[in-house]
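Generate the whole structure from the sequences, applying the supplied hints.
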Amino acid sequence: MKRTLANRIADLAPRPAIVTIDGLSGAGKTFLGEALVRELAAGGLHSLLLEVELWAHGWSDLTGAVDRVRRVVADLQEGSATTRTWNWWTESEEPPIVLHPRPVIIVVGCGAGQIPSHLSIWIDADEELRASRVSARDPYDWSEHWDEWARQEQRLLTQWDARAQADVRLTASPSGDLTASCEKSLGE
Numbered sequence: 004m005k006r007t008l009a010n011r012i013a014d015l016a017p018r019p020a021i022v023t024i025d026g027l028s029g030a031g032k033t034f035l036g037e038a039l040v041r042e043l044a045a046g047g048l049h050s051l052l053l054e055v056e057l058w059a060h061g062w063s064d065l066t067g068a069v070d071r072v073r074r075v076v077a078d079l080q081e082g083s084a085t086t087r088t089w090n091w092w093t094e095s096e097e098p099p100i101v102l103h104p105r106p107v108i109i110v111v112g113c114g115a116g117q118i119p120s121h122l123s124i125w126i127d128a129d130e131e132l133r134a135s136r137v138s139a140r141d142p143y144d145w146s147e148h149w150d151e152w153a154r155q156e157q158r159l160l161t162q163w164d165a166r167a168q169a170d171v172r173l174t175a176s177p178s179g180d181l182t183a184s185c186e187k188s189l190g191e
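Take 4 as the starting number for the sequence shown in the working numbering and just add one per residue.
Derived by calculation from the structure, the hints in this document are not laboratory data.
On a predicted model such as this, the values are computed, not experimentally measured, just so you know.
Any given hint could be a false lead.
[Claimed, not checked] Each pair of labels, with its calculated beta carbon distance range:
#1 A134 <-> Q80: 30 to 40 Å
#2 N90 <-> D180: 31 to 41 Å
#3 S135 <-> D14: 26 to 36 Å
#4 R18 <-> S178: 30 to 40 Å
Using N, Cα and C, we set each Cβ at its ideal position, and we do this for glycine too.
Here's what the structure looks like:
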């Protein structure tokens, strides 16, 4: 599946090609994004991975993060982008950084599907699998924030049903496999 998606992304035009990977926490968005970066690089196509959560100013700012990443992506389509990410450990903004466009920009995170793209992907995974992945993935316990974050994810999905709008819908299994449950043609 990852190779097929990488081939589809490589065929996208114009450049930079914008790819969004959306889904709820723990669905496997970052895992897929990182795998696509590697697959594209192996084929000689360099990409930039942007994680929505790096622009969230704390646990109650998912919508703000999506808005900030949307601006970063728009800037990257015109050239470089100067931005500030969020340091979750110090709970403050990092110093400004300059991001330079690459042929492919991959945006991962809940709400990423709201960002205009050339290819949008949605990943489904059941809640038990997602919770298990989050607890295994993160070096800190954010279970007290799970419900608050989930409410924000649902608000974003109410504003824009990224699952229904996605060009590609994938379902994650506990083994890490992804299976396509729906795929639109590029012409749709």
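Evaluation of the provided hints:
1. A134 <-> Q80: 30 to 40 Å: holds (36 Å)
2. N90 <-> D180: 31 to 41 Å: At roughly 34 Å between Cβ atoms, D180 and N90 fall inside 31 to 41 Å, so the hint holds.
3. S135 <-> D14: 26 to 36 Å: holds (35 Å)
4. R18 <-> S178: 30 to 40 Å: holds (34 Å)
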